[in-house]
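Student: These are the residues of each chain, in order.
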Amino acid sequence: MSEFLMPSLGADMKSAILMQWKVKVGDRVTKGQVIAEIETSKGVIEIEVFQDGIIEKILVEPETECNVGTPLALIRSDSDEENITVSSVTAEQAQTEAIPLAPLEKATPDRYQDTTPPQRIKASPAARKKARELGLDLADLAKTSEGEIHLSQIESVAKTELKTPSADKMRQAIASAMSLSNAEIPHYYLSASVNMSPALSWLEEINKNLTIKARILPAAMIIRAVVLALEAVPELNGYWQEGYHQVCKEIHPGIAIALRKKGVITPALLGAKDMNLSQTMQALDDLIMRTRAGKLRGAELTQQSITITNLGDLGVENVYGVIYPPQVALIGLGKIIDTPWVQENKVIVQKVMKATLAGDHRATDGRTGALFLDKFNRILQNPKELL
Amino acid sequence: MNKEQIKTSIIQQIRIIAPDLEYDDIPSDENLQNALEIDSYDFLHLLTALYEQLGVQVPEVDYGKVDTLNRMAEYFAERIKLN
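From first to last, the protein sequence lines stand for chains A and B.
Counting in this note's numbering, the first sequence runs from 2 upward without gaps.
Counting in this note's numbering, the second sequence runs from 869 upward without gaps.
Only chain A is shown next, with the shape it has when bound in the complex (with noise of 0.2 Å):
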């Protein structure tokens, strides 16, 4: 028997709400599969269960605040006889994903000291919702107010309590690992002028002969250069952890995705090495559409091997970004722009991008970082390679 216990999904996380199970008792489950969706300050979130087995009991109700590490369910795995809880495997894979960036007097998990889920506060279930929407805690509303807390008390609460809605967390979860990226990894930063021209005019042959539906964003071509300059210079696509650098066999870039008013997700393009440039295409536009839903499942928020920006969209020429820890590198790419270009002895214009790279001195040198550029640039100037 092993528990199933509510993930870290990031070392800013220290609980989330279980919203709804996706399982019940006496279901088969296999790796992989989705389970439950917890709300974080990320959004909703699908979380997957780390081993094949049979939900055997259900240990905590739908709308129920839990901290990490929390038993969430008991899973009867095929091989029950061994003693190794396969969970406790599951709660250190969550842990080492977030573990770098946590504080340090957080080092392990509490899962042993405060496991207890919080009391379920008696409320309605609008008056629930509402809160979760305001950013209310419920816990505050009970103790000044008894029996059952109704819609009605949380309007009134909203309308004289500055409210901390869930953009805040997520700013705060963002202040937290970007403090910590400028505190601890000494940058550096190198920048390549890319000929966009000879990409750009291959991919707009390719999109001639294909539906609107079908059509492929040169932020998708882009993505998949990047992907393949990866694989040439793997060591960019890793992290440091704990004083030594690892380099990560499958290539995750985390997009970093836009929510407008609200911020900024990273979300990871799980597996991009094994994707052809009209699958890379179609997986960032699920990628895209999910997070703006706020429907992403937990191994993209924890996977991110590598992070890739693109603030060409706003006009930027060049991003130096800050690294997102645990990872050793970040691509940031600028807007394309008509620049007058040499080319056999001939000023000419062309269209012309910005690539910056912010690399980790600990784990990677300038020149990883320019036979990166060199690899990536070369890569555009034969698209071919891209399909």
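Hints listed in this document are in silico derivations from the structure and should not be mistaken for laboratory results.
Because the structure is a prediction, the values reported are computed rather than measured.
Take the hints with a grain of salt, since some may be wrong.
[Claimed, not checked] A few chain B positions that, by computed beta-carbon distances, are all more than 10 Å from chain A:
hint : residue
1    : Met869
2    : Gln873
3    : Ala903
4    : Ser908
5    : Pro927
6    : Gly932
7    : Asp935
8    : Asn938
[Said to hold, decoys possible] With a straight-line cut-off of 27 Å between C-alpha atoms, the simulated DSS-like cross-links for lysine-lysine are:
hint : chain 1 : residue 1 : chain 2 : residue 2
9    : A       : Lys214    : B       : Lys875
10   : A       : Lys376    : A       : Lys355
11   : A       : Lys214    : B       : Lys933
12   : A       : Lys336    : B       : Lys933
13   : B       : Lys933    : A       : Lys352
14   : A       : Lys209    : B       : Lys933
15   : A       : Lys214    : B       : Lys949
16   : B       : Lys871    : A       : Lys214
[Stated by the list, open to error] A short list of chain A residues far from chain B (calculated; beta carbon distances all over 12 Å):
hint : residue
17   : Leu278
18   : Ala371
19   : Asn383
From the three backbone atoms N, C-alpha and C, an ideal C-beta is built for every residue, glycine too.
Here the structure of chain A is known, so what remains is to put chain B in place on it, guided by the hints.
Tutor: For chain B alone, kept in the frame of chain A given last:
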């Protein structure tokens, strides 16, 4: 379908694609992507939705002709007439 009706359709689609937009009025003559902070991904989705509704595909070379609300409505109006 006249230009004004097309404009209404475009505004409807923009609101579906970017429901979190805070603008009451979508400016008619400003660059849509800049004014509304919609990215190339949103823009493609807008054109896809309009294609499904109006039956007109905007090829990439014509993106410059559909950069504002007014110009986009004109572009669709002309081509719907031709169909």
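Student: The structure should be examined with respect to each hint, and the outcome stated for every one.
Tutor: Do the hints match the structure? See the list:
no.: 1; hint: Met869; in the structure: 19 Å, holds
no.: 2; hint: Gln873; in the structure: 21 Å, holds
no.: 3; hint: Ala903; in the structure: 12 Å, holds
no.: 4; hint: Ser908; in the structure: 6 Å, violated
no.: 5; hint: Pro927; in the structure: 7 Å, violated
no.: 6; hint: Gly932; in the structure: 12 Å, holds
no.: 7; hint: Asp935; in the structure: 13 Å, holds
no.: 8; hint: Asn938; in the structure: 21 Å, holds
no.: 9; hint: A/Lys214 - B/Lys875; in the structure: 22 Å, holds
no.: 10; hint: A/Lys376 - A/Lys355; in the structure: 14 Å, holds
no.: 11; hint: A/Lys214 - B/Lys933; in the structure: 20 Å, holds
no.: 12; hint: A/Lys336 - B/Lys933; in the structure: 20 Å, holds
no.: 13; hint: B/Lys933 - A/Lys352; in the structure: 19 Å, holds
no.: 14; hint: A/Lys209 - B/Lys933; in the structure: 17 Å, holds
no.: 15; hint: A/Lys214 - B/Lys949; in the structure: 23 Å, holds
no.: 16; hint: B/Lys871 - A/Lys214; in the structure: 24 Å, holds
no.: 17; hint: Leu278; in the structure: 15 Å, holds
no.: 18; hint: Ala371; in the structure: 29 Å, holds
no.: 19; hint: Asn383; in the structure: 21 Å, holds
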